[in-house]
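From first to last, the protein sequence lines stand for chains R and U.
Our numbering puts the first residue of the first sequence at 1, with every later residue one more than the last.
Our numbering puts the first residue of the second sequence at 98, with every later residue one more than the last.
All the given hints hold, so there is nothing to weed out.
The following label-pair restraints were derived from C-beta to C-beta distances:
id, chain 1, residue 1, chain 2, residue 2, range
1, R, 77, U, 129, 34 to 40 Å
2, R, 29, U, 145, 20 to 26 Å
3, R, 80, U, 280, 47 to 53 Å
4, U, 208, R, 28, 27 to 33 Å
5, R, 29, U, 182, 23 to 29 Å
6, U, 304, R, 75, 45 to 51 Å
7, R, 91, U, 270, 42 to 48 Å
8, U, 135, R, 92, 44 to 50 Å
9, R, 82, U, 222, 33 to 39 Å
To spell it out: a stretch of chain U is covered by chain R in this simulated footprint if at least three of its residues, at any positions, have a beta carbon under 8 Å from a beta carbon of chain R; those stretches are:
id, segment
10, 202-215
11, 345-358
It is worth saying that the hints were derived from the structure and are not from the lab.
Bear in mind that the values here come from a model prediction, so they are computed numbers and not experimental data.
All C-beta atoms, glycine included, are put in the ideal place defined by N, C-alpha and C.
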Amino acid sequence: MTSERNAHTSDRMELDGNAAAGDFSNIFANDVTTVTIHCDGCGAEQLFAQARVYLGGPGTVLRCRGCDAILARLARTPRGTWLDLSGSRTWMFTAPV
Amino acid sequence: MKSGTPVTEDNDQRGGPTRGSTRLWRKGTLIGLHSQSQHSRTLDLKVPGWPGHRPGQHIDVRLTAPDGYSAQRSYSLAAPVDGNSVSITVDLVPSGEVSPYLYAVMEICDELDIRGPIGGWFVWEPGEPEIGDGPVMLIAGGSGVVPLVTMLRAWRQTGDQTPVILAYSLRGPDDLMYGRELNELRAVGVDIRLIYTRTVPDAHRRVAGRLGLDDIAIPATGQRAERVYVCGPAGFVDHATALLCAAGYPDAAIRTERFGPSGAD
Ligand SMILES: Cc1cc2nc3c(=O)[nH]c(=O)nc-3n(C[C@H](O)[C@H](O)[C@H](O)COP(=O)(O)OP(=O)(O)OC[C@H]3O[C@@H](n4cnc5c(N)ncnc54)[C@H](O)[C@@H]3O)c2cc1C
Ligand SMILES: [Zn+2]
Numbered sequence: 001m002t003s004e005r006n007a008h009t010s011d012r013m014e015l016d017g018n019a020a021a022g023d024f025s026n027i028f029a030n031d032v033t034t035v036t037i038h039c040d041g042c043g044a045e046q047l048f049a050q051a052r053v054y055l056g057g058p059g060t061v062l063r064c065r066g067c068d069a070i071l072a073r074l075a076r077t078p079r080g081t082w083l084d085l086s087g088s089r090t091w092m093f094t095a096p097v
Numbered sequence: 098m099k100s101g102t103p104v105t106e107d108n109d110q111r112g113g114p115t116r117g118s119t120r121l122w123r124k125g126t127l128i129g130l131h132s133q134s135q136h137s138r139t140l141d142l143k144v145p146g147w148p149g150h151r152p153g154q155h156i157d158v159r160l161t162a163p164d165g166y167s168a169q170r171s172y173s174l175a176a177p178v179d180g181n182s183v184s185i186t187v188d189l190v191p192s193g194e195v196s197p198y199l200y201a202v203m204e205i206c207d208e209l210d211i212r213g214p215i216g217g218w219f220v221w222e223p224g225e226p227e228i229g230d231g232p233v234m235l236i237a238g239g240s241g242v243v244p245l246v247t248m249l250r251a252w253r254q255t256g257d258q259t260p261v262i263l264a265y266s267l268r269g270p271d272d273l274m275y276g277r278e279l280n281e282l283r284a285v286g287v288d289i290r291l292i293y294t295r296t297v298p299d300a301h302r303r304v305a306g307r308l309g310l311d312d313i314a315i316p317a318t319g320q321r322a323e324r325v326y327v328c329g330p331a332g333f334v335d336h337a338t339a340l341l342c343a344a345g346y347p348d349a350a351i352r353t354e355r356f357g358p359s360g361a362d
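Please construct the entire structure, taking both the sequences and the accompanying hints into account.
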């Protein structure tokens, strides 16, 4: 169903934010599934849990469910944990932090 | 931290006992095994210091090989909170890396690394004000039934009165998980609809076929569920979400969790 739109990642698994919540919640020391992310590409707002997630490559990629742009990337390397949030304008934590 | 090095519980006490402790890897020891269908089983684990969890949350499980290579997967918590015990129900993906180990190899007293509980959105706790008098609809594809059964157990344990519907899509009778428990839940008033997509057992009235609008209809005409939880393979979740939109459900009423790639469920 979604394999054409994401043909470039067809070897990876399309999941949603729930699947990446463990790794991201670890970094933010807080549940991230209820965080509202504002996409820098199309301006859409979505919960972390609603964003598309691709696991299985060198890192985890979070994509906008509206425009497919990358919202966040997380990779664990021997030198450390690399986090790129440049595709998202803001992250709104509404649950107690 | 070197990968494969388990963090001991004491390392995190500075972060506060509850919040911080959900972040670390702990040892879980296998204490019970139950067959759940022809290709799935439930694993009961004892996890010292477990902080508790809510229905719908999951854990991350990590297996580490002697050479340090490790693989990590998520599994829904298969039972409501019960002290230091947690359960997961694993459906075998024959070509998979982690599920065959959990399904067929792991034995009582074996240990693995777990982290959690994880998630705060794909959760249903009886009494949530936004849900009011309900009804609540649960839609499962294949092993996506696991967190939804946990929600139903919590519903039953607390004596909650919210009307609940479970629409459970599966290929054939061999794939049925929690069969006996679903009968019990039906007897206490849960509207359980089994949607066989390929092979229909004798005496089942619905013909084989994909989840359709009739399967998610609420008996009282024109009524909609206050909240819908959908869980299963990505293809199934997308299909169910499209049906819900066609039935007039607003995005805000729908909570979804995708377990894996598009599946036949
Ligand atoms: C939040 C969350 C909760 C989950 N809860 C459960 C649960 O309660 N019970 C459960 O059994 N699983 C659950 N899963 C799925 C689980 O995490 C694994 O993906 C699954 O056990 C397969 O892992 P594997 O290592 O055996 O297969 P992999 O080695 O990851 O994959 C092997 C092959 O099988 C395909 N594949 C992977 N996963 C699936 C799948 N689920 N169905 C069909 N094909 C697949 C892959 O595309 C690949 O081609 C959950 C996933 C998420 C994200
Ligand atoms: Zn976008």
